[in-house]
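**Q** Please put together the full structure from these sequences, using the hints given.
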Amino acid sequence: MRVVLAEDLFLLRDGLVRLLRAYDFEIAAAVETGPELAAALAELDPDVAVVDVRLPPTHTDEGLQCALDARRKRPGLPVLVLSQHVEQLYARELLADGTGGVGYLLKDRVFDAEQFVDAVRRVAAGGTAMDPQVIQQLLARRSGDDLPPARLTPRETEVLELMAQGRSNAAIAGKLVVTERAIAKHTANIFAKLGLEVSDDDNRRVLAVLAYLDHGR
Amino acid sequence: MTTDTKNRTGRTTGRGIGLAAVRGLALALVSLPGAVLCFCLSLVSIALIPIGVGIVTTPYVLTGVRAFTNARRLLAAEWGGVRIPPAYRPLPEDANPWARTFGMLRDPATWRDLMWLPVDMTAGFVTALLPAVLLLYPLEGFALALGLWRVLPDPYWYGFVPVTGQASALGAGALGLVLLFLAHFLTPRLLDVHFRLTRAVLGSGQGELAERVRVLTETRRDAVDASAAELRRIERDLHDGAQARLVAVGMDLGTIEALLDKDPAQAKELIAQARKSSVEALTELRELVRGIHPPVLAERGLGDAVRALALRLPVATEVSVELPGRAEPPVESAAYFAVSEVLTNAVKHAGADRIWVDLHRADGMLRATVTDNGKGGAVIGAGSGLAGVERRLGTFDGVLAVSSPPGGPTMVTMEIPCA
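Chains as they are written, first to last, in full-length UniProt numbering: chain A, 1 to 217; chain B, 1 to 419.
Incorrect hints may have been included.
A few chain A residues that don't get close to chain B, going by computed Cβ distances all over 12 Å [to be verified]:
{"id": "1", "residue": "1"}
{"id": "2", "residue": "23"}
{"id": "3", "residue": "153"}
Calculated cross-link-like contacts (lysine to aspartate or glutamate; reagent style EDC-like; alpha-carbon spacing at most 20 Å) [said to hold, decoys possible]:
{"id": "4", "chain 1": "B", "residue 1": "276", "chain 2": "A", "residue 2": "108"}
{"id": "5", "chain 1": "A", "residue 1": "193", "chain 2": "A", "residue 2": "156"}
{"id": "6", "chain 1": "A", "residue 1": "107", "chain 2": "B", "residue 2": "280"}
{"id": "7", "chain 1": "B", "residue 1": "268", "chain 2": "A", "residue 2": "158"}
{"id": "8", "chain 1": "B", "residue 1": "276", "chain 2": "B", "residue 2": "240"}
{"id": "9", "chain 1": "B", "residue 1": "375", "chain 2": "B", "residue 2": "341"}
{"id": "10", "chain 1": "A", "residue 1": "107", "chain 2": "B", "residue 2": "284"}
{"id": "11", "chain 1": "B", "residue 1": "276", "chain 2": "A", "residue 2": "112"}
{"id": "12", "chain 1": "B", "residue 1": "268", "chain 2": "A", "residue 2": "114"}
{"id": "13", "chain 1": "A", "residue 1": "107", "chain 2": "B", "residue 2": "287"}
{"id": "14", "chain 1": "B", "residue 1": "375", "chain 2": "B", "residue 2": "353"}
{"id": "15", "chain 1": "A", "residue 1": "185", "chain 2": "A", "residue 2": "156"}
{"id": "16", "chain 1": "B", "residue 1": "268", "chain 2": "B", "residue 2": "257"}
{"id": "17", "chain 1": "B", "residue 1": "348", "chain 2": "B", "residue 2": "318"}
{"id": "18", "chain 1": "A", "residue 1": "185", "chain 2": "A", "residue 2": "201"}
{"id": "19", "chain 1": "A", "residue 1": "193", "chain 2": "A", "residue 2": "158"}
{"id": "20", "chain 1": "B", "residue 1": "276", "chain 2": "A", "residue 2": "114"}
Distance ranges between label pairs, derived from CB positions [claimed, not checked]:
{"id": "21", "chain 1": "A", "residue 1": "115", "chain 2": "B", "residue 2": "417", "range": "45 to 53 Å"}
{"id": "22", "chain 1": "B", "residue 1": "264", "chain 2": "A", "residue 2": "18", "range": "54 to 62 Å"}
{"id": "23", "chain 1": "A", "residue 1": "184", "chain 2": "B", "residue 2": "233", "range": "47 to 55 Å"}
{"id": "24", "chain 1": "B", "residue 1": "283", "chain 2": "A", "residue 2": "118", "range": "16 to 24 Å"}
{"id": "25", "chain 1": "B", "residue 1": "318", "chain 2": "A", "residue 2": "136", "range": "17 to 25 Å"}
{"id": "26", "chain 1": "B", "residue 1": "325", "chain 2": "A", "residue 2": "92", "range": "19 to 27 Å"}
{"id": "27", "chain 1": "A", "residue 1": "98", "chain 2": "B", "residue 2": "220", "range": "46 to 54 Å"}
{"id": "28", "chain 1": "B", "residue 1": "283", "chain 2": "A", "residue 2": "92", "range": "19 to 27 Å"}
{"id": "29", "chain 1": "A", "residue 1": "118", "chain 2": "B", "residue 2": "417", "range": "47 to 55 Å"}
{"id": "30", "chain 1": "B", "residue 1": "214", "chain 2": "A", "residue 2": "97", "range": "27 to 35 Å"}
{"id": "31", "chain 1": "A", "residue 1": "12", "chain 2": "B", "residue 2": "227", "range": "41 to 49 Å"}
Source of the hints: derived by calculation from the structure; they are not laboratory data.
None of these values were measured; they are calculated from a predicted model.
Yeah, the Cβ is synthetic: ideal placement off N, Cα and C, and Gly gets one too.
**A** Structure (structure tokens):
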């Protein structure tokens with residue numbers, strides 16, 4: 001799998017390159033500025049891009065803008081955005097086109113190599129990888145309301161969180177150490193309680209849940 | 001000194017006249033009771049100082065007077081384009097009532113406020129009311145000419161015309177026409193006179209520069225104090241938080257090195273612990289960074305930073321932004337933290353379930369308005385968050401006005417000059 005990597009800090013870039021190579025990714029390019037990233041995305045046609053939000057020369061949100069731009073030119077281009085902080089504002093912009101193949105994670109998630117690589121693979125396959133913090137912020141805001149998810153059981157809330165992060169039923173079952181059938185039952189319950197249409201497509205599922213949590217803002 | 005006045009030509013359109021009349025009427029209706037109330041309360045409160053009661057009440061009363069004059073300063077800038085920068089001496093936040101009372105009474109700006117109140121309730125009232133009168137009184141003249149004179153006592157005086165029959169009623173109508181013609185020229189100018197009068201009395205006229213220098217010196221001292229306190233807080237947070245955690249990580253790594261061969265199981269456990277500590281250190285650093293300068297502010301500017309902030313609030317918040325280009329970074333930062341503080345107040349104390357934020361920039365002013373539908377009753381008092389916001393905005397010559405009647409809604413308006 002060919003990866004374009006954009007990260008301006010040498011240590012982190014170097015670490016990411018080594019980590020991804022160790023898991024058999026091919027690094028098509030590892031760049032450090034916005035213009036270089038734009039060029040690499042246009043020319044190299046990677047399977048997935050791993051991009052830092054903030055890049056030189058302006059040190060604003062160049063990485064994010066480059067990624068959004070590239071996805072406008074090539075809809076569905078898988079992009080995993082990394083940042084020192086996560087903002088719902090940015091998550092919304094990334095999810096806005098609804099085509100999937102989007103990830104948005106805190107840089108700390110790199111600490112858990114297995115999970116990070118899993119997220120990269122998921123995004124490359126057209127799935128979604130939302131940072132747990134984004135989901136928790138949404139849930140925290142909703143928990144005061146007299147609406148579901150207040151009426152979900154603790155277990156169902158747990159499943160909802162993992163689902164919103166973009167994980168499949170099999171992955172959720174593995175993480176919570178239960179059978180996949182039990183998870184399927186939980187998800188069916190959640191969808192019924194929230195009044196959402198049942199979908200097996202992980203990606204559509206994420207969008208539905210996030211749209212639900214974000215509703216009314 | 002900002003004493004620019006908008007070009008008034010072209011304002012004498014029908015709409016301009018109507019607007020001036022309505023604004024004048026609103027000003028007259030608010031200014032008279034407001035000024036009378038402020039003036040009476042101030043006199044009573046100051047008179048009661050010798051018996052002690054006044055020492056407690058005076059700071060509150062004078063703060064109210066300042067809120068009233070600040071609101072009028074905002075209106076003068078917004079409706080008349082007449083800038084009247086406030087020049088109050090900042091008071092130490094933890095001052096006792098005695099120091100507050102005499103600190104305020106020693107401030108020449110306080111005496112200018114008190115001198116302005118009688119002017120406002122007389123000349124100010126008349127100049128604000130006249131535009132409305134000039135527009136409405138002619139209507140009576142027309143009504144008389146159309147037959148109203150028949151039902152009125154004989155003779156009825158319209159201006160200087162005694163109305164006794166149709167002929168003199170037509171005279172009254174003609175006088176109305178002349179007055180309307182005058183209104184066409186005078187209405188906007190009268191309102192302008194009103195605002196200029198406000199500036200003449202309220203603005204620091206004589207020794208303006210000396211006053212300005214004094215205010216600048218004090219607000220600079222405030223700014224330096226605030227930034228020193230901020231640096232101390234950051235130092236303490238780093239020292240007790242991230243730094244301590246990184247030390248722990250380093251120690252864990254040392255132990256792991258020693259245990260690697262002897263007891264791999266325990267080493268593995270320690271690795272997990274070290275990783276957890278490093279994640280916690282990062283989380284703390286992230287919070288700290290957000291308090292120093294929010295990343296979204298650096299990446300996207302004020303509009304999106306406030307939008308991102310609104311998304312984190314537990315209360316539904318609508319943000320509308322109209323900011324062409326980006327302001328100077330210090331102004332952006334000051335505006336962001338002011339809005340953030342006001343929003344925190346609204347969420348914590350107002351019990352609101354809806355908040356509206358409006359940011360816009362016009363005529364060299366960055367204006368932020370935060371409105372909530374909560375229970376109202378917010379004041380710029382000692383120790384309140386709003387007083388802190390006012391002090392911090394002072395460094396940028398910014399103003400803060402609060403309108404928060406009991407029962408709500410609360411509207412906080414902030415203005416910062418920006419080039």
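**Q** Does the beta carbon distance between residue 115 of chain A and residue 417 of chain B stay inside 45 to 53 Å, or does it fall outside?
**A** holds (50 Å)
**Q** Would the pair residue 375 of chain B and residue 353 of chain B pass a check requiring their Cα atoms to be no farther apart than 20 Å?
**A** Since the Cα atoms of residue 375 of chain B and residue 353 of chain B sit roughly 10 Å apart, the hinted pair holds (cutoff 20 Å).
**Q** Find the nearest Cβ of chain B to the Cβ of residue 153 of chain A and say whether that gap is larger than 12 Å.
**A** Fine: 23 Å to the nearest Cβ keeps residue 153 of chain A off the interface.
**Q** Checking the smallest CB distance to chain B, is residue 23 of chain A really beyond 12 Å?
**A** With a cut-off of 12 Å, residue 23 of chain A remains clear of chain B, as the shortest Cβ separation is near 18 Å.
**Q** Within a Cα-Cα threshold of 20 Å, do residue 276 of chain B and residue 108 of chain A meet the stated pairing?
**A** Status holds; Cα separation ~10 Å.
**Q** Holds or violated: residue 193 of chain A with residue 156 of chain A, Cα cutoff 20 Å?
**A** holds (10 Å)
**Q** Check whether the Cα positions of residue 348 of chain B and residue 318 of chain B lie no farther apart than 20 Å.
**A** holds (17 Å)
**Q** Has the given pair, residue 268 of chain B with residue 158 of chain A, been kept, meaning a C-alpha gap of at most 20 Å?
**A** Not OK: residue 268 of chain B and residue 158 of chain A at ~27 Å, beyond 20 Å, violated.
**Q** Would you say the C-beta atoms of residue 264 of chain B and residue 18 of chain A sit inside 54 to 62 Å of each other?
**A** Roughly 23 Å apart at Cβ, these two residues miss the hinted range, so it is violated.
**Q** Would the hint linking residue 185 of chain A and residue 201 of chain A be met if the CA-CA limit is 20 Å?
**A** holds (16 Å)
**Q** Below or equal to 20 Å on CA atoms is what counts here, so check residue 276 of chain B against residue 112 of chain A.
**A** Answer holds: residue 276 of chain B to residue 112 of chain A is near 11 Å, not above 20 Å.
**Q** Can you confirm whether the C-alpha distance between residue 268 of chain B and residue 114 of chain A stays at or below 20 Å?
**A** Cα-Cα ~16 Å, so holds.
Hint compliance for this structure: hints 7, 22, 30 and 31 are not met, and every other hint is.
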